[in-house]
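**Student:** Below, each chain spelled out in residue letters.
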Amino acid sequence: AQSVTQLDSHVSVSEGTPVLLRCNYSSSYSPSLFWYVQHPNKGLQLLLKYTSAATLVKGINGFEAEFKKSETSFHLTKPSAHMSDAAEYFCVVRNTGFQKLVFGTGTRLLVSP
Amino acid sequence: DGGITQSPKYLFRKEGQNVTLSCEQNLNHDAMYWYRQDPGQGLRLIYYSQIVNDFQKGDIAEGYSVSREKKESFPLTVTSAQKNPTAFYLCASTPIATAYGYTFGSGTRLTVV
Chain A
74 AQSVTQLDSH
84 VSVSEGTPVL
94 LRCNYSSSYS
104 PSLFWYVQHP
114 NKGLQLLLKY
124 TSAATLVKGI
134 NGFEAEFKKS
144 ETSFHLTKPS
154 AHMSDAAEYF
164 CVVRNTGFQK
174 LVFGTGTRLL
184 VSP
Chain B
-12 DGGITQSPKY
-2 LFRKEGQNVT
8 LSCEQNLNHD
18 AMYWYRQDPG
28 QGLRLIYYSQ
38 IVNDFQKGDI
48 AEGYSVSREK
58 KESFPLTVTS
68 AQKNPTAFYL
78 CASTPIATAY
88 GYTFGSGTRL
98 TVV
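Listed in order, the protein sequences are those of chains A and B. With my numbering applied, the first sequence corresponds to residues 74 to 186, in that order. With my numbering applied, the second sequence corresponds to residues -12 to 100, in that order.
For the record, the hints were derived by calculation from the structure and aren't laboratory data. You may find that some hints are simply not true.
Claimed, not checked - With a straight-line cut-off of 30 Å between C-alpha atoms, the simulated DSBU-like cross-links for lysine-lysine are:
(1) A/Lys122 <-> B/Lys58
(2) B/Lys44 <-> A/Lys131
(3) A/Lys173 <-> B/Lys57
(4) B/Lys58 <-> A/Lys142
(5) B/Lys57 <-> A/Lys141
(6) A/Lys115 <-> B/Lys57
(7) B/Lys58 <-> B/Lys44
(8) B/Lys58 <-> A/Lys173
(9) A/Lys122 <-> B/Lys70
(10) B/Lys1 <-> A/Lys122
(11) A/Lys115 <-> B/Lys58
Said to hold, decoys possible - For each label pair, taking beta carbons as the anchor points, the in silico distance ranges come out as:
(12) A/Ser82 <-> B/Asp46: 16 to 22 Å
(13) A/Leu129 <-> B/Ile83: 42 to 48 Å
(14) B/Ile83 <-> A/Asn134: 24 to 30 Å
(15) A/Ser185 <-> B/Arg96: 26 to 32 Å
All of these numbers come straight from a predicted model, not from anything done at the bench. Glycine included, C-beta positions come from ideal geometry on N, C-alpha and C.
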C-alpha cells in the first residue's frame, strides 16, 4: 500500500527565510505525488504535482518540490517565506489503480514577522 | 466558473438526527469523494464514486451513507449511527484516468449540539 509520512507536525520560520517541509513516501510503483495547502476553514488548494516527468517540480506562489527516488522523499521548499504562507500543508500520494488519494497528517507552517 | 460547491458551510446536529451535506460540481468530473478531517489526523476517505449510480466505501464509512444519482451531485448523509460526527467534511472531484490532482470544495463544518 502507498503512504506518505510528513516528518514535522509544525514548522516555524521568520518572514523572508527559507521554508522546508519534509515528506517521505512509500510506494511499490512510480508514484504520483502532490502537495496541497489549506488555509483555516477552507478547502485544499493544489500547490504542485509530480507525475514521473521532471524531478524538480515548480508550483504556485514560489513553491517547488524535488522527487528523490533514492531517498523516497518529496520535500517542499520556498526560498523566502511570506506571512500569507502560514497554513497547513499536506503531502499526498495517489493510490495507483484505485483513483484514491492518501494524505499525510499535515504540517502547520507558522510565519513570524 | 467551474468548481465544487459545498453547502451549508456550518451545520449543527442534535443527537439522534440524520443530516445531509451537499456537494455539487460543474467540472464534468467523473469521480467524486468525501473526506473527513480531524485535527492532527489529515484527511480520511469516507466514500467515493467513479460513476453515476455506483459508489464504494472508503476507510471510515461506518455511520455514513451517500448517493450518486447525477454526475454533478454526491450528497453525504451523516446518520445517527455515527457516534462522533463533529468534524470538517471535504468533498472533492477528479477526472478519471488522469494524473491530475483533485479539486476540493470549501468544506462543511459539522458540530453536534
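**Student:** Now look at each hint and say whether the structure bears it out.
**Tutor:** For each hint, the structure was consulted:
A distance of roughly 26 Å separates the Cα atoms of lysine 122 of chain A and lysine 58 of chain B; the hinted pair therefore holds under the 30 Å criterion. Taking the CA atoms of lysine 44 of chain B and lysine 131 of chain A, the gap is about 34 Å. The hint is violated against a cut of 30 Å. With a C-alpha separation of about 21 Å, the suggested pairing of lysine 173 of chain A with lysine 57 of chain B holds against the 30 Å cut-off. For the given pair, lysine 58 of chain B sits about 38 Å from lysine 142 of chain A by alpha-carbon distance, which is inconsistent with the 30 Å threshold.
Between lysine 57 of chain B and lysine 141 of chain A the CA atoms are separated by roughly 41 Å; this puts the pair beyond 30 Å, and the hint is violated. A hinted pair counts as satisfied when its Cα atoms are at most 30 Å apart, and lysine 115 of chain A with lysine 57 of chain B qualifies at roughly 26 Å. Between the alpha carbons of lysine 58 of chain B and lysine 44 of chain B the distance comes to roughly 18 Å, so the proposed pair stays at or under 30 Å and holds. A distance of roughly 18 Å separates the Cα atoms of lysine 58 of chain B and lysine 173 of chain A; the hinted pair therefore holds under the 30 Å criterion.
A threshold of 30 Å between alpha carbons decides the hint, and for lysine 122 of chain A with lysine 70 of chain B the separation of about 36 Å lies outside it, so the pair is violated. With a C-alpha separation of about 40 Å, the suggested pairing of lysine 1 of chain B with lysine 122 of chain A is violated against the 30 Å cut-off. For the given pair, lysine 115 of chain A sits about 24 Å from lysine 58 of chain B by alpha-carbon distance, which is consistent with the 30 Å threshold. The beta-carbon spacing between serine 82 of chain A and aspartate 46 of chain B, approximately 21 Å, falls within the hinted interval of 16 to 22 Å.
At roughly 28 Å, the beta-carbon separation of leucine 129 of chain A and isoleucine 83 of chain B lies outside the given 42 to 48 Å, and the hint is violated. Taking 24 to 30 Å as the suggested C-beta distance range, the pair isoleucine 83 of chain B and asparagine 134 of chain A conforms, at roughly 29 Å. Between serine 185 of chain A and arginine 96 of chain B the Cβ separation comes to about 28 Å, which falls inside the hinted range of 26 to 32 Å.
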